[in-house]
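Chains as they are written, first to last, in the numbering used here: chain B, 1 to 179; chain D, 1 to 465.
Derived from the structure by calculation, the hints contain no laboratory data. All values reported here derive from a predicted model rather than from experimental measurement. Keep in mind that a hint or two might mislead.
If the Cβ cut is set under 7 angstroms, some of the chain D residues that face chain B in the computed set are [claimed, not checked]:
#: 1; residue: V34
#: 2; residue: S36
#: 3; residue: I50
#: 4; residue: G110
#: 5; residue: N121
#: 6; residue: K125
#: 7; residue: T184
#: 8; residue: M186
#: 9; residue: I254
#: 10; residue: T256
#: 11; residue: Q333
#: 12; residue: G407
#: 13; residue: Q420
#: 14; residue: W421
#: 15; residue: Q423
#: 16; residue: R459
Just so you know, even glycine gets a beta-carbon here, dropped at the ideal spot from N, CA and C.
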Amino acid sequence: MLVVLTFLTVDSLNVTRAGGIQVPNYDVINQEIGYANDWSRGFEVPVIGASEPLFGRTYSLPEATELMKLGKAVIQSRACMDCHTFFGNGAYYGPDLTKSWLDPAWSQIWMPMTGAATRGDAMVEFLMHPEQYPTWTRQMPNLHLTRAEAQAVVAYLKWMSAVDTNGFPAHFGRIQTQN
Amino acid sequence: MYRSQRLALRYFAAAITLFGVMTAAGLLSALYYVDSSLLYNVFDFQMAKILHINTLVIWLLMGFIGAVYWFLPRELGREVVGIWLAEVLFWIFCAAVAVVAVVFIFVQYGSSDQFSMWFINQGRKYVEAPRWAAVGIVAVVLTFVYNVTATAWRARRMTGILWVLILDLVPLSVLYLDAFPQITNMSHDLYWWWWLVHMWVEGTWEVLIGCLMAWSLMELMGTSRRIVEAWLYIEVMMVLGTGILGLGHHYFWIGTPQYWLGIGGFFSALEPLPLLGMVVHAVYDAGTHHMKTTNRPAFYWVLAEAFGNFIGAGVWGFMMTLPQINLYSHGTQWTVSHGHFAFWGAYGCGVIAIIYLVLQQTRKAQNFDSRAWKWSFALLNLGLVGMVGGLLVAGITQAIYERAQGGSTLQAFVVASENQWFQSGMYARVIFGLLFAIGYLVLVYDLLVIGKRAAVAQRTQEASA
Numbered sequence: 001m002l003v004v005l006t007f008l009t010v011d012s013l014n015v016t017r018a019g020g021i022q023v024p025n026y027d028v029i030n031q032e033i034g035y036a037n038d039w040s041r042g043f044e045v046p047v048i049g050a051s052e053p054l055f056g057r058t059y060s061l062p063e064a065t066e067l068m069k070l071g072k073a074v075i076q077s078r079a080c081m082d083c084h085t086f087f088g089n090g091a092y093y094g095p096d097l098t099k100s101w102l103d104p105a106w107s108q109i110w111m112p113m114t115g116a117a118t119r120g121d122a123m124v125e126f127l128m129h130p131e132q133y134p135t136w137t138r139q140m141p142n143l144h145l146t147r148a149e150a151q152a153v154v155a156y157l158k159w160m161s162a163v164d165t166n167g168f169p170a171h172f173g174r175i176q177t178q179n
Numbered sequence: 001m002y003r004s005q006r007l008a009l010r011y012f013a014a015a016i017t018l019f020g021v022m023t024a025a026g027l028l029s030a031l032y033y034v035d036s037s038l039l040y041n042v043f044d045f046q047m048a049k050i051l052h053i054n055t056l057v058i059w060l061l062m063g064f065i066g067a068v069y070w071f072l073p074r075e076l077g078r079e080v081v082g083i084w085l086a087e088v089l090f091w092i093f094c095a096a097v098a099v100v101a102v103v104f105i106f107v108q109y110g111s112s113d114q115f116s117m118w119f120i121n122q123g124r125k126y127v128e129a130p131r132w133a134a135v136g137i138v139a140v141v142l143t144f145v146y147n148v149t150a151t152a153w154r155a156r157r158m159t160g161i162l163w164v165l166i167l168d169l170v171p172l173s174v175l176y177l178d179a180f181p182q183i184t185n186m187s188h189d190l191y192w193w194w195w196l197v198h199m200w201v202e203g204t205w206e207v208l209i210g211c212l213m214a215w216s217l218m219e220l221m222g223t224s225r226r227i228v229e230a231w232l233y234i235e236v237m238m239v240l241g242t243g244i245l246g247l248g249h250h251y252f253w254i255g256t257p258q259y260w261l262g263i264g265g266f267f268s269a270l271e272p273l274p275l276l277g278m279v280v281h282a283v284y285d286a287g288t289h290h291m292k293t294t295n296r297p298a299f300y301w302v303l304a305e306a307f308g309n310f311i312g313a314g315v316w317g318f319m320m321t322l323p324q325i326n327l328y329s330h331g332t333q334w335t336v337s338h339g340h341f342a343f344w345g346a347y348g349c350g351v352i353a354i355i356y357l358v359l360q361q362t363r364k365a366q367n368f369d370s371r372a373w374k375w376s377f378a379l380l381n382l383g384l385v386g387m388v389g390g391l392l393v394a395g396i397t398q399a400i401y402e403r404a405q406g407g408s409t410l411q412a413f414v415v416a417s418e419n420q421w422f423q424s425g426m427y428a429r430v431i432f433g434l435l436f437a438i439g440y441l442v443l444v445y446d447l448l449v450i451g452k453r454a455a456v457a458q459r460t461q462e463a464s465a
């Protein structure tokens, strides 16, 4: 079993490296990202679209890689995983962040609320001052993120939304829930 | 009494203390769900959760280490080699746990630099402890491994249980090294993180508790070594056969290849089999001894361990392990329900059973019984099952309304969390959590007094005779 696991691990790490078959390179943050059904595989997969600069600029691959390193460092230092889930792993007090970049709530709720012109800017504003933009009884605490840290987290979430997660979460953002 | 056994008693005292901290932090974590304004921006949910799950790992680890330090000299008939080093490291271990807890409570988190990783919070679930403390845990575990292997070597004696234990301690130590790296790619990070979490909890810990239960059954019911070792070998083979590739059920949705859906689904569906073996073993032993024992608390906690492990880890895990179901149950309170039941059944009950077994021997009481242990047994297990039930209702509500119907957006998350079934489940969790906490207090009282009066009476009777 260990031998089998070793072979599978080598293959899995190759498939999941940044730029691998299921995990895009970090400079994917410069492009539009969607989530659509792939009929051949029977579930939704990320769809990488046209150019879409983040925070008004295009990042080179080394710059995007540095941004991701910072984003991951922020996520660990603030223990985001102990409230939220990433790919469904973590705590369960806050919403899952796997496809958070694609969440319609950013454009429907937070962009008007913050007055930001783009989804990315609205996310940054929210992450820096969450107590000013409450949308529900469970509020995110203020974790004292600098603008650079907040931008790095947003970039990280955009990259994560482009990871092919075998259809998890199913039907993300395609169903309007009635309260 | 060997020095190693006196050290074991200290480990048990520390374990039970941390069990209390875990319970208190768990209750606090539950309260955020019913009052979300609680301690907002002062001591938020994630810090209570971190305290809850880290003390969970440490109290069980301390219980296991204490149990081995208790049984080892009895098994080999000699003092543990290098016991002075283990004694020193025990106090360092306790001091480190206290410092980390103080940092978690008062400092909480740092900025996004290496200082935070080394001295404040690593922010990876279960391994949030800063790196300096993780180095300390490695030192404690390596000393523990040295104690066990060197003692067996000097004694020139090996038993089947010891072979299994020593071989198990190697991956137990090596896997913990996974607590250090900071990997940018979340898919890679989670890939290795599961090696630590799954292989520890569903691999090395299962084997370790199997060894401890084997020793316990020999002492508790006089079961022959031949029988317990045969069962242990069967269980180990099945754990290795199903658990290693059962790891795959954590690789469904983290960006890993699609073949994990089939591999993980198949092997994790087989994972309950070794746990079923434990139940058969326990029922067989209990039946052959007609449920008679001189240590009823330990006996009943062993039974709770066997059934709790099978139902909590096996059945509850199986319920959500197939990818077709896991797509909707993953990342909901359903997982929390399984986690509580599995940790309690597989490990919590086992550690408590061993502590009762040890106390009977240290207090030299033949009539080892009380009313309090029955109350604590009932309250703890009822509280736990109630919490698990509440969380299951909440989790199924999320699976339906948030995942299946809602498409997992923020709005869907809110709708599911506002649903009356979810909220009822969360209130039930608080109420049964309180019962569990009362059960803990009764347990502490009982552990302090059980057998003492009987031992005094016994000695008086012997003196007068």
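Verification of the hints:
1. Below 7 angstroms, beta-carbon pairs count as interface contacts, and V34 (chain D) has none with chain B, the closest being about 10 angstroms; its hint is therefore violated.
2. Hint on S36 (chain D) holds. Least Cβ distance to chain B is approximately 4 angstroms, under the 7 angstroms limit.
3. For I50 (chain D), the suggested interface contact is upheld, since its CB lies about 5 angstroms from the closest CB of chain B, less than 7 angstroms.
4. Checking G110 (chain D) against chain B: minimum C-beta separation of about 6 angstroms stays under 7 angstroms; hint holds.
5. Annotation: N121 (chain D) was flagged as interfacial toward chain B, and the flag holds, the nearest CB pair being 6 angstroms apart, inside 7 angstroms.
6. Given hint, K125 (chain D) at the interface with chain B, holds; its Cβ is 5 angstroms from that chain's nearest Cβ, closer than 7 angstroms.
7. Against a cut-off of 7 angstroms between C-beta atoms, the interface hint on T184 (chain D) holds, since the closest Cβ of chain B lies about 5 angstroms away.
8. Below 7 angstroms, beta-carbon pairs count as interface contacts, and M186 (chain D) has one with chain B at about 6 angstroms; its hint therefore holds.
9. Because the smallest distance between the Cβ of I254 (chain D) and any Cβ of chain B comes to about 4 angstroms, under 7 angstroms, the interface hint for this residue holds.
10. Using the Cβ-Cβ criterion of 7 angstroms, the hint placing T256 (chain D) at the interface with chain B is satisfied: the shortest such distance is roughly 5 angstroms.
11. For Q333 (chain D), the shortest C-beta to C-beta distance to chain B is roughly 6 angstroms, which falls under 7 angstroms, so the interface hint holds.
12. The closest approach between the C-beta of G407 (chain D) and any C-beta of chain B is roughly 4 angstroms, which is under the 7 angstroms cut-off, so the hint is satisfied.
13. A hinted interface residue such as Q420 (chain D) counts as satisfied when its beta carbon comes closer than 7 angstroms to some beta carbon of chain B; here the least separation is about 13 angstroms, so the hint is violated.
14. Interface restraint check for W421 (chain D): the shortest CB-CB distance to chain B comes to about 15 angstroms, outside 7 angstroms, so the restraint is violated.
15. Taking 7 angstroms as the C-beta contact cut-off toward chain B, the hint placing Q423 (chain D) at the interface is violated, the least distance being around 11 angstroms.
16. Proximity of R459 (chain D) to chain B is violated relative to the hint, the smallest CB-CB distance being about 51 angstroms (cut-off 7 angstroms).
Checked against the numbered hints given earlier, this structure breaks hints 1, 13, 14, 15 and 16; the rest are met.
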